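**Q** Letter by letter, the chains look like this.
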Amino acid sequence: MSKNKKAKNNAVQAVPAETETQTAAVNTQPADDLDMFDFDDDPLGATGVSRKSLVIFFLIDTSGSMRGTKMGELNTVMEELIPEIRRVGEADTEVKVAVLTFSTDVKWMYAEPIAIEDFEWARLNASGVTSMGEAFKELSARMSRNSFLNSPSLSFAPVIFLMTDGYPSDDYKEGLAALANNSWYKFGLKAALGIGNEANDDMLAEFTGSKDTVVHAYTGNQLAQMIKIVAVTASQIGSKSMTLADQNEAELSDEDVYAAKQKMLGQQIQELVKQNDSEDVSFDTGW
Amino acid sequence: MTELKIGQEVEMEYGGTAVVEKIIGSGGQGVVYLVEYNGMKWALKWYDINKIKDPAEFKNNIKRNITDGAPSNKFLWPRYMTKDAPDGTFGYLMELKPDSFDSFVDILNTYKLVVDPLTGRAHKEVVRFTDLHAMVTAVINIVNAFRQLHRVGKSYQDLNDGGFFINVDTGAVLVCDCDNIAPDGSNFGIGGKPGYMAPEIVRGIAKPDVQTDKYSLAVVLFKLLFRGDPMEGEKVVKDVCLTEASELRHYGAEALFVYDPDDASNRPVRGIHDNVIRFWRMYPDYIKDAFIQSFTAGLHDPNKRVIENEWQQLFIRLRSEIISCPCGRTNFTSMFEMQDPSTYRCPKCGMTFATLEFSNRDHLMPLYIGSKFYECEVYDDSDDFLSVAGELVENKLKPGVLGLKNCSERPWKVKMPDGGIYDVAPGKGCPIWQGLEINFGTVTAKLG
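Just so you know, the protein sequences line up as chains A and B, in that order. Per my numbering, residue 1 is the first one in the first sequence, and the count goes up by one each step. Per my numbering, residue 288 is the first one in the second sequence, and the count goes up by one each step.
Hints are computed from structural coordinates only; laboratory data are not their basis. Source: prediction; values computed, not measured. Take every hint as true, because none was put in to throw you off.
Here are the simulated DMTMM-like cross-link-like pairs (lysine to aspartate or glutamate), alpha carbons at most 25 Å apart as the crow flies:
#, chain 1, residue 1, chain 2, residue 2
1, B, K635, A, D41
2, B, K525, A, E90
3, B, K309, A, E90
With the rest of the complex left out, here is chain B (with noise of 0.2 Å):
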């Protein structure tokens, strides 16, 4: 029996009976139920063991884990093991998603398909990132997830579109599907999806880890980015029936990365990528070359692929650059013209964006009403992305006046037009200025 009837009583381990209300998903390894169990409501991943390579062994990694406990709250992780049924069919209880989540396939697919539950009928609502910063800080949060799970010894495995929910209104990423996630080195059976798995296990040479992982982490912050697949272009759409044989050339020993600087035969199609045509040239170089770093040099060689803390130093500075324009364009200062050496303009609307130069890194943050900056950017010994530390705000008892609020704990000291520095206390802030200067502790930052 693989299969669990609505209303049915499914044992847990410790106790007590979780009830089987409907179903919520399915995938490779089992069917996803939601049930209540103790009066809460719980999702139930309930396995079809004919497709588990050795059961035993998987269930238990998965009781490891549940021990072990998430790596972070990022993460939906296995809470209760269920008792075995009388066939040997087990499953586990974990979180449901909250309602605010989105899956990441229907934020690549840009909607998502509601279902009428009295008619059957489906219609089809947008789904799509609420402002680029959301965007940015959902990328972050996805690499900071993986690199707090491999801190810990693990590797996720499995690593594709269908692991993930994301708040599109505020980027909060919570990774579920954990129950492949093994100590790096051991593999209970799980190859990954085609796309996202690296070209070593393709080819069949190589088993899920640490370093596959990161393969395929590049591959999902691609699709997340530039709205397509890495590898797919002119040489494999010519194939135009995609079989087994061609899938194994074109994902495998033959990869070709759709912008690899010195082989120019893969390139994205007009009228099939234009997604990936469209952004790649949005995009500033910085982050182009770590995708060419992984998928050229890291292609064929693990040791070469862009490490987690990179992608998030990468994208950090990313949401930093972010100007959100008046005039209603938002985008990149790749993507802004420079007026002066410290000054971006709106190629737009005209509109000039004085910037604020940080002692710790060698790039400008542009300032605009609700810029901000986090804790991370500006205390070294915080890893904090997403505690704002100030955040440039317009006077309220003074309208016009515009300032940087020091939002963090931490006081500020701020050099005046007076020269004298004054201490900006956390909740207050100082007026901008030609020659303002803030010290934060060790980093420093001067309005450029």
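Okay, chain A solo, but in the shape it has when bound (with noise of 0.2 Å):
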């Protein structure tokens, strides 16, 4: 029994650090002793419940067209996001931020998704055209379980956030050519933003796959609200598990559910865009 317990023990203190810092409050001996210790699993010595992981793809226009109001706006509004969505994933879900920049060049903000909770926002400056196609490559390349996707435990399919004021400057249907092939953003929650005159809903409908999940502003205040209410969205449903069609009274199949999470994203984001049309300017949400 004691040699089988030894060899389970070893294992368990390959786990991370916060069993580390617990074992280290109680147990004062030498590492040498350790050894006699390996029956002493303590039944309160638990690590964090496994969780599911939940990437948040931001991908945002850092073109010149985008300096001044808008750029200053985003920057401002990304900042007081980050605390709002920090507690959608609850004890199920780790939910991890990862930001791609565009312009002539294409930028991550960190080298790979950071937890959100550890999250700071770097503020961004805008210059250059357009590299939207770029952008797309970038996305699906990283978007693999051999780079940015790579937790080991189960992922849900990642949310993926884009925002633009204007026409890409390269061609972004080679980029979304490369995406069509990655069943991570087959899968994923995908929602874009479309700001000013420029931006072309059309052309954002081809990137999420439908004109529900597209939504467009026209005012600095609009923005904010937008990226409030797409973000915290997108994060709400990306982090949980599928919900029920609560009508259904029959076994509900694979086709049934196939694609209900973006399903669900659109017809949110319409109603909250829809209430907020409604409420107009004079409406003070307290940004």
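Hey, can you piece these two chains together into the complex? The hints should help.
**A** And the structure:
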């Protein structure tokens, strides 16, 4: 029995830092003596439950036309947004954020997705042209088990939120073609925000796969509202498991639930956008 | 309008206004605010009626619950309705959770985020049960709360990790989010939280009721003890990306318990489910068997699910089988050695523990300073699992002499070394000795 336990305990020691600090508090013996504790599994010495992982990708246009109010508003709302989506994962989901900016060049804000609890928004500046196609290709390359989506445990399909104020200056179709072959993209929750008069909602719908998940902002106030609506809704839906069609009386099939989350995202975004429209600007929601 | 503003006044159904102070939390159906009403602080749950199927029916159900009152003091129950806002939105007031309680979510995560109000920065603070006794007491309290609820003919419907607050020092439990509680058989639109929902709800062929609550309760208990998902093992992890279709399979028709004795294809995976692997071998068989029952026979046959009273008995037993060894090791008797048929031995330090053998059960209760038994364990007419009936203590006047103190309000009859039977009044005690026998009334105990 004790031999068996010994083998298991060695493996247990290979797990995350939190365990180490907990055992350290109880066990002040030198490392040589650790063996004598190998029967001493503490029923309270748990590490956090294994969580599913969700990466939220923000694809942000930082071309020159974004300079000024748009960028200022965007930076501000993103800073405010991070704490708001911190808790959406609860105990089930570890939420990470990755920010890809595109102008003349395509750049990640951080070298890898960062846990939402530790994420700090690095303020963005705008200049250059709109290499959106390149951004799509870069995203597709990183949305892989060997790259950004490398969590050993289960993952939810990622949330991908595109924000732009203009038309791509490169061949975005080529980028979309790359994404179309990526199954993380296929199952992902996709949404887009067009900013100002230049942004083309039809083109954005090509990216998201449906018009319902494309929203548009013409003023700074709208920009802040739309970013919040889309990001919060998408991360809430993305970080949770499927919810049911509650009118259902018959056994659900794979087809019934196919892209259920993407459809739900479209519905909820449209509802929220409508509410905000009717209330106009006089309604101060605390931005 | 769904969101309330800080400082906004919300009119209450029976007069007066509640003033919004800040957001405390948000859920699938609405937002919870801290408010002041009649000079007291309350929590206001304010609905997003767009997310509720039939708001009028939903509201009537809450009103009925307010009238009926809480099944016990373990519930943060709806207390007062607001008036409807012009757009039909409404909410209700409930008591605030005391600071000494942590959310079940934080317990599962083993930390909580504490946000500095000035910088907005968050740091992690450890959340962990103070001792094993508190954890098992929390389990008993959770089970008992649902037993009380089901006894008044209601079901919780949306049982999940967001529904409890626990005091990690004492194991006291508060059940919150009581707004979907409905008479058994009624459902006002909630489906439940995936991972906690019974497979038949996931599949779309049943609505939440008392039987599906029992499944969710087993999941909650499994998560609290084993710190993992009972259905997430190798088979599920192979999917890598949890799409809607894979969830439907793994939590619905093809759900498979990670420790199904007849099917090993979904065992926990080392490196991902280490908690489950580690804790599963620590618990005694009667606990593991109850989970196996719930998640194999009871998986698709609701009538085979373990009932609350059975869980309660099992965990009262488990609590009586905790040993806190002076060497610092605390564990269940299943993790101690037996020196002889009535004595446990610590495998780490060699300390031995005498046991009490009760006439109403066939398992032994180990004795150490601080070990306790409860009223429900020694008085047949008592269901009280929180009031201590007896405790092993050291005599204050004779250091080193150990005895059992009568913490109950009934006298015991005790056999002493001289062969005589003596009364031990409430508040008094008797030394323990080989041959000790205690008569509690109908139940007797002797030193093993």
